[in-house]
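The listed protein sequences correspond, in order, to chains S and Z. Under this note's numbering, think of the first position of the first sequence as 74, with each following residue one higher. Under this note's numbering, think of the first position of the second sequence as 25, with each following residue one higher.
Hints are computed from structural coordinates only; laboratory data are not their basis. Possibly wrong hints are sitting among the right ones.
[Stated by the list, open to error] Taking CB as the label site, the calculated pair distances span: (1) 442(S) / 124(Z): 24 to 32 Å; (2) 110(Z) / 325(S): 27 to 35 Å; (3) 524(S) / 41(Z): 48 to 56 Å; (4) 409(S) / 111(Z): 54 to 62 Å; (5) 325(S) / 78(Z): 22 to 30 Å; (6) 537(S) / 124(Z): 17 to 25 Å; (7) 110(Z) / 617(S): 38 to 46 Å; (8) 477(S) / 63(Z): 44 to 52 Å; (9) 110(Z) / 337(S): 25 to 33 Å; (10) 111(Z) / 422(S): 25 to 33 Å; (11) 111(Z) / 94(S): 42 to 50 Å.
[As the list claims (entries may be wrong)] Calculated cross-link-like contacts (lysine-lysine; reagent style DSS-like; alpha-carbon spacing at most 25 Å): (12) 51(Z) / 499(S); (13) 557(S) / 51(Z); (14) 51(Z) / 363(S); (15) 390(S) / 499(S); (16) 51(Z) / 108(S).
The beta-carbon is built from N, C-alpha and C at its ideal position, and this holds for glycine as well.
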Amino acid sequence: MESEIGKLYSYSGFDSEFIKERTRQFREQVNRRIKGFLTEEEFTPLRLLNGLYLQTHSYMLRVAIPYGVLNSEQLTQLAFIADQWDKGYGHFTTRQNIQFNWPNLVDIPEILDSLAGVGMHAVQTSGNTIRNITSDPFAGAAVDEIENPLPYAELLRQWSTDHQEFQFLPRKFKIAITGSLNDRAATRFHDIGLRIMLKNGQLGFEVSVGGGLGRTPVIGTVIREFLPKEDFLPYVESVISVWNLLGRRDNKYKARIKITLRELGSKEFQALVEKRFDEIRNTFNGADSKTLEDIKLQFSSVQLIEMPLGNYQNRHKENQGFRNWVKNNVTEHKITGYTIVTVSLKTHGNTPGDATSEQMRMVANLAKQYSYDELRISKEQNIVLPHVHRSALFDLYSMLLKAGLASANVGLISDIVACPGLDYCKLATARSIPLAKELGVRFRDLDLEQKIGILKIKISGCINACGHHHLGHIGILGLERAGKESYQVVLGGEESTETSNIGKNLGPGFSKTEIVPVIEKLVNIYLALRLDDAETFLETYKRVGITPFSKEIYQEFPRRKKNA
Amino acid sequence: MKSDEFGPVVVSANDLLTGNVIFLTEKPDWTTNIHEAYVINDKAESCRWLLEGEVQQSLFSDNLFSHVVDPYLVELKIDKEVISFCAFKEALRYYGPSNYFHGKRDWEIV
Ligand code: HEM
Ligand code: SF4
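Please work from the sequences and hints to get the whole structure.
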């Protein structure tokens, strides 16, 4: 028997012409900048239109991975770019993109050309535009999925790419979409969060608006409980066009939609959206639904073939390492016999989210061989192989082991999310990567990881919160005090839809040398407090509150009254 | 540094082509080596040198554009000719990222 799943969409002619033209223009702009015909002031917005930042030590190019989906050819090309023009690696981000940290300015047009060769680009990965649409890394494979969100994500991508009305928004705009009950896309923390819902047999969306992290973390407000699916695009457009007019362009810290919503009140905002929606709904003429149907067709179907389990059971019984890996890194697939594999990019002591070109090629080959040529990047900065038959798991595991990619730590304490921090980012106030590395090694050496169970640590190097620290069960925020790195701890963040929570501040911050022992102590407090092995850190925290943690921590790490 | 004291400071910027961290020399030219940078101890002089750096951003000479972006002043501590940076951020900027050794410099700061 064969079962169908949604498969990768291939880009349209419009896309490739548009991208070609953009790269041609950018090549000229780079030349003009190098020859001095453009000042830095004139050049900066142009390079940002093409995802190019000037960071602490070098340029950084952010490449879009639409809704986090890649095929093996694309990942292989990213590996080629890393070798040819960077230092042999890339950094996968919480927004399901990849960043190259070391390209030279003159090479960027070449890099963009080679991305275009595999239908990729860096357009709208920065600037005040609609950014890369993010989605569930398990889309099309998850057991709890109502409908595959990827065709809708692709419709959003096509519509938002080069959308003339939305190229100069008040601020950046981020949309996430999920089709599952269990929200793996943190939709409530996006400017627009879309969740596919089923109501009376009808398919539609729950629409939340104004979620976000950064210096003002906010949980999104639901402004439509149920939006029929055919109204999806005009409604999203209405939200953005209302904000586009009202958004605070006078103050970039108040420009995000979350502030507009707060200042206006959600009822008033919602009323304006509905009004706009009434005006524009008919202008779509069903063209969007037609495009969606085309996209669904072009997401050419793959047939997952039913197979025997082979030697899986024996291997599973005999091999402890394999068993651990299956337990933590392998998830049930909606089709019997198949699984979803998460390849951890969190080898203890390594930089979270980094993959070498060799590892990228290796995983690309594995995807080709075992996962119907599909890969996903998750917001936890890991790589997902969405359709792997159980019979192939042991071979896959063995190959990952050889490549140093078989860490059985998905969802565990060393599966740490960390932004680039001060090591690379110009906006940073402290480093995040070394903390992640030290914590990974520390808990490996203590051999406590499996015992601790599910515990998500997330680290950001400044209040912009790119490392999602507000959403960590333990979140760490890097700050600067008197020219030195300092770290604040927040507890109890979580990102599922039913119970979204922004982490609570533990108290005064800690120095770079204190922070790892502080985290270790927090974990020990939890281990002593938990009711049994099954109670997770988050559950214990919710049961006892923050006080038992803060009390013990500040007893062991007392702060001086001032300046702590 | 107390409010009535000034310096030592150097002018730093990023190289337009590579993004590399560079410092202004006395010549004036640009170097990646802090030991070759021109160290300034006087406020008025620092303004002049910063201006020099800014002028260099848009300087054409023999059709060659000066490849410099966003110069600014960086505070140093100099103790018996040993140079260090006042802010950790600046030290890291000079020495390079701490997670890989990218051939930039030995990572020796805390
Ligand atoms: C290195 C260059 C980067 C720069 C200059 C940068 C800049 C920013 C800024 C300024 C914000 C705050 C926006 C606001 O509150 O309005 C932000 C938010 C965010 N960034 Fe970054 N970021 C960078 C890298 C990254 C990386 C590497 C990731 C993923 C690991 C990332 C993911 C995010 C996320 C998830 C948010 C919060 C969501 C939101 O509310 O927008 N960014 N970034
Ligand atoms: S959180 Fe701050 S330090 Fe980290 S990547 Fe974002 S802007 Fe840079």
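Quick rundown of the hints versus the structure:
1. Here the CB-CB span from residue 442(S) to residue 124(Z) is close to 30 Å, well matched to the stated 24 to 32 Å.
2. Distance hint for residue 110(Z) and residue 325(S): a CB-CB separation of about 28 Å, consistent with the stated range 27 to 35 Å.
3. At about 51 Å, the beta-carbon gap between residue 524(S) and residue 41(Z) stays in the expected band of 48 to 56 Å.
4. In this structure the supplied range 54 to 62 Å holds for residue 409(S) paired with residue 111(Z), their Cβ-Cβ distance being about 58 Å.
5. Here the CB-CB span from residue 325(S) to residue 78(Z) is close to 24 Å, well matched to the stated 22 to 30 Å.
6. Restraint check, residue 537(S) to residue 124(Z): a C-beta distance of roughly 23 Å satisfies the suggested window 17 to 25 Å.
7. Between residue 110(Z) and residue 617(S) the C-beta distance comes to about 43 Å, which sits within the given range of 38 to 46 Å.
8. At roughly 45 Å, the beta carbons of residue 477(S) and residue 63(Z) sit within the given window of 44 to 52 Å.
9. In this structure, residue 110(Z) and residue 337(S) break the distance hint of 25 to 33 Å, their C-beta atoms being roughly 44 Å apart.
10. At roughly 28 Å, the beta-carbon separation of residue 111(Z) and residue 422(S) lies within the given 25 to 33 Å, and the hint holds.
11. The beta-carbon spacing between residue 111(Z) and residue 94(S), approximately 43 Å, falls within the hinted interval of 42 to 50 Å.
12. Annotation: proposed proximity of residue 51(Z) to residue 499(S) is violated, straight-line Cα distance about 28 Å (limit 25 Å).
13. Among the hinted pairs, residue 557(S) with residue 51(Z) is inconsistent with the structure: their alpha-carbon atoms are about 33 Å apart, more than 25 Å.
14. Pair hint residue 51(Z) plus residue 363(S) does not hold up; C-alpha atoms about 66 Å apart against a cutoff of 25 Å.
15. With a C-alpha separation of about 49 Å, the suggested pairing of residue 390(S) with residue 499(S) is violated against the 25 Å cut-off.
16. A threshold of 25 Å between alpha carbons decides the hint, and for residue 51(Z) with residue 108(S) the separation of about 23 Å falls inside it, so the pair holds.
In this structure, the hints that do not hold are numbers 9, 12, 13, 14 and 15, in rising order.
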